[in-house]
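Asks: Residue numbering for the sequence shown follows the numbering used here, starting at 7 and increasing by one per position.
I should point out that these hints are in silico values taken from the structure, not numbers from a laboratory. Keep in mind it's a predicted model, so treat the numbers as computed, not measured. Each hint should be verified, as a subset may be incorrect.
Said to hold, decoys possible - Here are the simulated PhoX-like pairs of lysine-lysine, each with C-alpha atoms no more than 20 Å apart in a straight line: (1) Lys91 <-> Lys237; (2) Lys103 <-> Lys91; (3) Lys339 <-> Lys323; (4) Lys249 <-> Lys237; (5) Lys249 <-> Lys339.
Unchecked claim - Label pairs and their calculated CB-CB ranges: (6) Glu186 <-> Lys143: 34 to 44 Å; (7) Asp231 <-> Thr273: 17 to 27 Å; (8) Ala354 <-> Glu183: 48 to 58 Å; (9) Met156 <-> Ser232: 54 to 64 Å; (10) Gly276 <-> Ser178: 45 to 55 Å.
Note that the Cβ used here is the ideal one computed from N, Cα and C, for glycine as well.
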Amino acid sequence: MKKRILAIILMVATIAINLSACSFTKEKRYEAEFLLLFDTVTQIVGYADSKEEFSEYTQLIYDNLKEYHELFDIYNDYEGLNNIKTINDNAGIKPVKVDKRIIDLLQFSKDAYELTDGKVNIAFGAVLEVWHDYRDKGLENPETAALPPMDVLVEKVKHTDIDKVIINEEDSTVYLEDPEMALDVGAIAKGYATEMVSDIAVEHGYTNGMISVGGNVRTVGGKGDSKEDWKVGIQNPDMEADKKELYILNFKDDSLVTSGDYQRYYTVDGKQYHHIIDPDTLMPSDYFTAVTILCKDSGMADALSTAVFNMPYEEGKEFVESLPDTEALWVFKDGDIKYSTGFEDYIAK
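Please work from the sequences and hints to get the whole structure.
Replies: What follows is the structure, given as structure tokens:
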């Protein structure tokens, strides 16, 4: 395996883990952090026998996460690579031959669409592009910030039929039948990639770690030789509050993802408009400040956090309660908090 240490690692810390008053575990705890991939910060915590072993672990995760980042990118081209942007650029023109990892993501996303009754839709790109453009302009020039005209959004939503995303697994091609359609995998890609690189790490023998890709947290095994649960905090959406975390959760071999209105937004006439667009209203969803999902699969947690954010509370609660091994927490606009039946079992006492 590679012996070089990533130049992008910002910190590596070692902490002896106490087993008892007079003995220590064999493994030590290490941390690493790097930027840019999926336009966010990736943090890795792992237990290993040496710094060199952990560096190999980190390099493996970085290399694979970089490949997923480039494959799932909707904004940038990469020499010699067909990605999601390539598919969008050829909408209505021709099928695009792509890596099987893109095929797998799109199939997963279609399943998520069916499961959530369309509350998360990767074919919603035509609408999201409009909001993205208006948000960027509003951030660049706040004094002229404006909302997208509803008639434009209504026209764009006509081009969001996921059934027109034609996947040919035998030929490994994807074709968008509608020339005005665009894929946007932002609600799923980060979590899905996190799940995939976690699986790759396990295949290479790294079974005690935690990966956070922009807050999409995936734990593998427990904390070192002790196999204790990981402690993971849920960020307080009130960024000015003294209490930075709403809860600390104990879990292992699970994923935690939060969708919220408090980080990506712009302001029009004194009101904030965030990036999670309700497919029914074509406006930013207005039910909650944040929704957190805890479940086994990081890709599904990512999809569900968006879907449940777009559902009224009673509908969302019934939906979450119908899913196996899935819990949720809702933070309402007034600061009220509710959670699913089994969520409390994970709260650190």
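Asks: Check the hint pairing Lys339 with Lys323 against an upper bound of 20 Å on the C-alpha distance.
Replies: Answer holds: Lys339 to Lys323 is near 17 Å, not above 20 Å.
Asks: For Gly276 and Ser178, compare the CB-CB distance with the range 45 to 55 Å and indicate the outcome.
Replies: holds (49 Å)
Asks: Between the alpha carbons of Lys249 and Lys339, is the straight-line distance 20 Å or under?
Replies: holds (17 Å)
Asks: Would the pair Lys91 and Lys237 pass a check requiring their Cα atoms to be no farther apart than 20 Å?
Replies: Roughly 37 Å separates the two Cα atoms, so the pair is violated.
Asks: Given the hinted pair Lys103 and Lys91, is their alpha-carbon gap at most 20 Å?
Replies: Holds - the C-alpha atoms of Lys91 and Lys103 are around 12 Å apart, at most 20 Å.
Asks: Against the 20 Å threshold, does the CA-CA distance of Lys249 and Lys237 hold or violate the hint?
Replies: holds (17 Å)
Asks: Does the Cβ pair Asp231, Thr273 satisfy 17 to 27 Å?
Replies: violated (50 Å)
Asks: Is it true that the C-beta distance of Ala354 to Glu183 lies inside 48 to 58 Å, as the hint says?
Replies: About 50 Å separates the Cβ atoms of Ala354 and Glu183, which means 48 to 58 Å holds.
Asks: Should the hint that Met156 and Ser232 are 54 to 64 Å apart at their CB atoms be regarded as holding?
Replies: holds (56 Å)
Asks: I want to verify a distance hint. Is the separation of the beta carbons of Glu186 and Lys143 within 34 to 44 Å?
Replies: Once the Cβ atoms are compared, 21 Å apart, the range 34 to 44 Å for Lys143 and Glu186 is violated.
Hint compliance for this structure: hints 1, 6, 7 are not met, and every other hint is.
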